[in-house]
Structures are given as C-alpha cells and as structure tokens.
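As they're listed, the protein sequences go chains A and B.
Just so you know, we're using our numbering here: the first sequence kicks off at 1 and counts up by one.
Just so you know, we're using our numbering here: the second sequence kicks off at 1 and counts up by one.
Hints were generated in silico from the structure; no laboratory data involved.
Built from N, CA and C at the ideal position, the CB exists for glycine as well.
Keep in mind that a hint or two might mislead.
Said to hold, decoys possible - If we take Cβ atoms under 10 Å as the criterion, some of the chain A residues that face chain B in the derived model are: (1) Val73; (2) Gly101; (3) Tyr131; (4) Met133; (5) Gln153; (6) Leu224.
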Amino acid sequence: MNPGTTTSIKRMIRQEVFPTPFCPGCGHGILLGAILRAIDELGWSMDEFLFVSGIGCGGWIPSPHFAADTLHVTHGRAIAFATGAKLFNPELKVVVIGGDGDLASIGGNHLIHGARRNIDLTVICANNMIYGMTGGQVTPTTPHGAYTMTTPQGNPERPFDLCQLVAAAGASYVARYSVYHVRQLIRSLKRALQHPGFSFVEVLSSCPVQYGRRNELRSPVAMLNYFREHCVPISRAHTMDSAELADKIVIGEFVR
Amino acid sequence: MVESKYMPLDGANAVSQAMRQINPDVVAAYPITPQTAVVQNFSQYVADGLVDTEFVPVESEHAAMSACVGASAAGARVMTATAANGLALMWEMLYIASGMRLPIVLTVVNRALSSPLNIHCDHSDSMGARDSGWLQLYAETGQEAYDNTIKAIRIAEHPDILLPVMSCQDGFITGHGVERVGILPDEAVQEFVGTYHPKYSLLDTDHPVTMGAWDFTDYYFEHKRQQTEAMNNALPIVKQIFREYEELSGRPQSIVDMWGMDDADYAIIVLASTAGTTRTVAREWRARGIKVGVIKPRVYRPFPAQEIIEAIKNCKAVAVLDRAISFGTPLGAGPLFTDITSALYNEGITGLPVVDYIYGLGGRDTVPPMIESVYQDLQEIAATGERGALVRYLGLRE
Ligand SMILES: Cc1ncc(C[n+]2csc(CCOP(=O)(O)OP(=O)(O)O)c2C)c(N)n1
Ligand SMILES: [Mg+2]
Chain A
1 MNPGTTTSIK RMIRQEVFPT PFCPGCGHGI LLGAILRAID ELGWSMDEFL
51 FVSGIGCGGW IPSPHFAADT LHVTHGRAIA FATGAKLFNP ELKVVVIGGD
101 GDLASIGGNH LIHGARRNID LTVICANNMI YGMTGGQVTP TTPHGAYTMT
151 TPQGNPERPF DLCQLVAAAG ASYVARYSVY HVRQLIRSLK RALQHPGFSF
201 VEVLSSCPVQ YGRRNELRSP VAMLNYFREH CVPISRAHTM DSAELADKIV
251 IGEFVR
Chain B
1 MVESKYMPLD GANAVSQAMR QINPDVVAAY PITPQTAVVQ NFSQYVADGL
51 VDTEFVPVES EHAAMSACVG ASAAGARVMT ATAANGLALM WEMLYIASGM
101 RLPIVLTVVN RALSSPLNIH CDHSDSMGAR DSGWLQLYAE TGQEAYDNTI
151 KAIRIAEHPD ILLPVMSCQD GFITGHGVER VGILPDEAVQ EFVGTYHPKY
201 SLLDTDHPVT MGAWDFTDYY FEHKRQQTEA MNNALPIVKQ IFREYEELSG
251 RPQSIVDMWG MDDADYAIIV LASTAGTTRT VAREWRARGI KVGVIKPRVY
301 RPFPAQEIIE AIKNCKAVAV LDRAISFGTP LGAGPLFTDI TSALYNEGIT
351 GLPVVDYIYG LGGRDTVPPM IESVYQDLQE IAATGERGAL VRYLGLRE
C-alpha cells in the first residue's frame, strides 16, 4: 500500500467514529488528513504515538479519530499534560494538537514555557482565528478589525504572531502553513515530527461557519482562496515593504 | 408594582437582558458552553451602545475573575458569567473575591465538570464552590434567572453583606430553553439596583487602602470570623430584598418556595429546573388525594435551614434530590442532603426518615415517572417504617 494514500491512512483512524463532527468546509479535516499522511509517509506506526489535545474543535482532530493513544484533557492544558507524559516515557512520540484558543489563549502560558524548555514535543496549532466550538468569539489570533460574535464592531485588539512568539521563547522548529498549502504542510509536519526539541507548526484552518460568514468568506472555497491569496512565502516577504505586507500572512519555516 | 413586558427568551438571554438593565461598569468573561450566550448577547448590547460597560473578552476564566476582582476593588459594579470547568478555573479567584468582600455577581449556567467531558447540566460545578464564601441562588426557570440576577446586585452590595453572589440556572434546560419571561421596565430595574457607592476602593486617593495584604497568625482568623459573620447574618437581608423585589415585580419571591407543604406527608426537596417536573407530578398526586409536597430553595448559601426544617418536620418521609455527588461523604450523598440532615440533627429531629436521590448527572433526563417512583418510595418507607438505602440513583443504568 502506498504510504500517504487515502487507503493507507484509513488504517490509522477509528473508522467507526466517522464522519467527523466538523462543520461543512472546516479546515480541521484537511489538517487531520495531513497529520496522518505525514506519519504514514515517515513509515511510523500509530503505536509509537501519544496524541494530547485540549478542548475545542481542533482538539477533536486526534480524539476520537486517531487509532492511537489519545489523552483528551482540559481547555488550555494539553502541553502541560503532554510534558508530564513525555518526561515519564521519553520513548513516546508526543504530539499536541489544539486550536488557537486552546494553545494561545487560555493555554498561552504553557505554550511559551514548553518552547522555553525546548522539550521534545510536536505542537500543531489549528488556527482558525476564532473560538470555533463555542460559537465564534474573538481569540488572541483574530485579525485586527475582524468581526466575531464578541466583536460585532470589529476586533479592536491586535493578534499574536504565534510563530514569532514561540520562536522568541526558544522553540527549535517553527513553521506556518495553511490548509490550502497541503503539500508544504505535510512536508513541514514530517520535519516537525522528526525534530528533536520543541517543534511548533501553526496551521491556518478555515472556519467558514464561525469566522468566514461574518467576514465575507462565507463559503469553504472563499476561505481557501483567502489563504491562497493572502499567504506569502518567507522569501517573497523579504522583498515586500510593510505596506504590501499589511494584510498578508507569511508562511514557511521560521526556525529550522 | 410595575408591569412586566413579556417576551420569549431563553434563560441565558433573560440574564443578558437583566445585565443590560443593570448596566454594570465592567464585564470580563471567557466563553464556555452553555454560558456563552449570556456574554455574547451582552457584547452586542455593548457594541450597540445600549450600556456603558467596559467589556473585556479576556484569555481565560482565571483572567476573567481576576479582572473582575481588580475592577471591583477599584470600586466598579462588576458582573461575569461562566460554567463547569470555567468556574473550576476561577476557583483561586473565588476566594480572593469573597475574602476581599467584593460584591461581584457571577452567573453560572450549570454544567457537569470534566472528566469525562460533558457539556450538559448538573450542579457539580457550583456545588463544588459552595464553601468559597459566595452566596448562591438557584433558578428554576429563565424568569427566576432574570429575577435573581437583579436581586443579586442588591444582595452583594448590601453594606452588611458585601459578599459576591453566584446566580445559577440549569445549563440547556433553562439556559437554552425558550420560555415566556417578564422583563421589568429599564428604569424600574435601575431604580431598584441604584448606584453602587463602595465604602472602600482603590483609586480613591484621598483614602488609600491596602487589599489582600498578608495577614498571618495575627489577624487572618479574625477576618475569617467577620466573613462568616456576614454570611451568617445575610439571610434576613436577603429575605428583605426578595420581598422588595416581589413588591416591585408582583412575582412571588420566597427564599424557599413551598408547594403543598402546609399538610404534606411526603416531601421532595430539589433545586432549580427539576422542581418544575416535581411539581407537575405532585399536582397529579394531590388530585388523587395523596398529600405530597415540594420544597425548592431559591437560596442555597447561606443555607435556609430554619425554613426547610420547619416545613418538613411533620412529614412522614422526605426525599432530597441532588444533582451532584459530594464524593466521600457517607455513602456518597449529595451536598443538599448533607446540609438538610445535619440541620435536622441540630434541631433535635432524628426520627424523620430522609433519603437522597442522585439524579441528572451529565444532563441525564429526569422525567415524571422517576419523580413518581420517589413518592412511591416515600410512601413505602412510611408504611414499612424501614428507611432502606440512604443514597439512591434516579434514571441510572446498573
Ligand atoms: C476552562 C474552560 N473554559 C472554556 C471552555 C469552553 N470552550 C470549549 S472549546 C473553546 C474554544 C475553542 O477554540 P479553539 O481552541 O480555537 O478551537 P476551535 O474550536 O476553534 O478549533 C472554549 C472557550 C472550556 N471547555 N473550558
Ligand atoms: Mg480556533
């Protein structure tokens, strides 16, 4: 069976729990597939893994879908739980998967301390720029001016640049892609999984239901096109001035 | 009395409406199902300029209650809302709020605590906070949730109480359930709650104060004595405020709601929405000539022991319904049961058989036949004189 194919990755999921609970057009399903393809292409078995996730739609990516050990914990604390598991059993490949709210808002403290410690975890942040599960409220990654349930006049605050934050805190592999850039994303996830030390992959994920519909990106395609049009690779970003970069999202590997 | 305007509202929205009318100075909150709608609706009122509130969507419940404590200490009228793990994450700050005697009003839309993960109603969240020095009100309906929110402001800020208040309602059952809710005119609510004039506050530079400073073996004990004194003396004031609100709204507002208790042989004591189900069954049983009654405490902290004991002392058998387990109590009874039975003992009443039913954990539906089975059990206990199991379960598969 060719690794990374749909038939091949089907062995890595609990098929009986499908379909996923994700809304139509949710990017988290694409990310779910990308993570499995990365693992499969590396030739690794799900038995070697522990997936830790908190609360939120992003937290549902591994649990209950992955046919592996999964630890579904409280909102925000996945990295702290994962730290404990990794310390006790360093042989285990420990992967944390969570949303932007989970990892950067309520769990932001654990994120920077995990990075500072450079502990050997792979942290994948499904950043849909919104608290998806609770119905679309503003998060610390919601773009300035964006409309959400709790910012009906536009977000007055500035968002975190998670990659810069985590890099500054000491993470040794840091990358950002979107669910539109699925090939680059899989390559990056493979590097992150192989990397010893704290690796962080921020994945811009589409949430047409909670984010898109309030921000003129109502359809799944509109959201994917948004990522296609607004993401620029690091090399190109170097040639652009701040005005050109104002509404752009820089993607690529920031720390390697 | 003023006329209420009736509209179809879910319990969460009813609280948002009360918050709009109260127009607090600061609201800091973090979303969590099934509370989310309370703050979400309110944030719309902020955006529409209907209130003057500073609204902060902070990064966690720990931050939310911290910001509330800060704002309240600075002299603001402060409100927030949460549920389940959100309340659990506020724990540290709950004690800071009550210890600093800050009159914060917190809406809890009750939800089961993890683990395992569940978003539906039970009372394990607020029951866990029952010793945190907050007053607790429980609402049966969206209407009561609305009414309690308004009364809570007056109670919390009363100079002889000055303690935070938790106003609880059942997640999804009333929180998401749409019903007919009477809303008082805005001016009537504003007049009822008045303006908050804190006696001490930060930023009052002419009268500088220190709050929360260390307080070791020298005075900590005395401060806790004052705190418990305020709680112990709160009930008559709460009653008075309930009465005033009753006069204003025309809606009955006893601190313990009694149904059929004048001559009841068999009584069920239950908090919040399940009181409605219980009363429905009780009405049918009464029609059949069986003397059953229902007691629904609207105030749970401070515990209205006197009112409850007075009402049940002549019953033949009594059942308490608990939507939470107090793990490790004898036989794993619920908190309401342990409060009631210890109150009975303190009053020297030892012959009355009282049994506890744990029900509705994680949102398990509690339907009329279950309540009927409780009344049947009570009849049997009275007839045989044998109390049987102390702690029982309603609607559990075993
Ligand atoms: C302590 C605590 N606070 C709040 C919640 C409610 N809650 C559940 S998911 C969620 C936000 C999810 O957003 P994110 O992490 O970005 O994941 P998404 O659903 O967007 O994928 C919140 C606030 C909770 N479960 N626990
Ligand atoms: Mg999110």
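Quick one: which hint numbers does this structure break? Sort them smallest to largest.
-> 6
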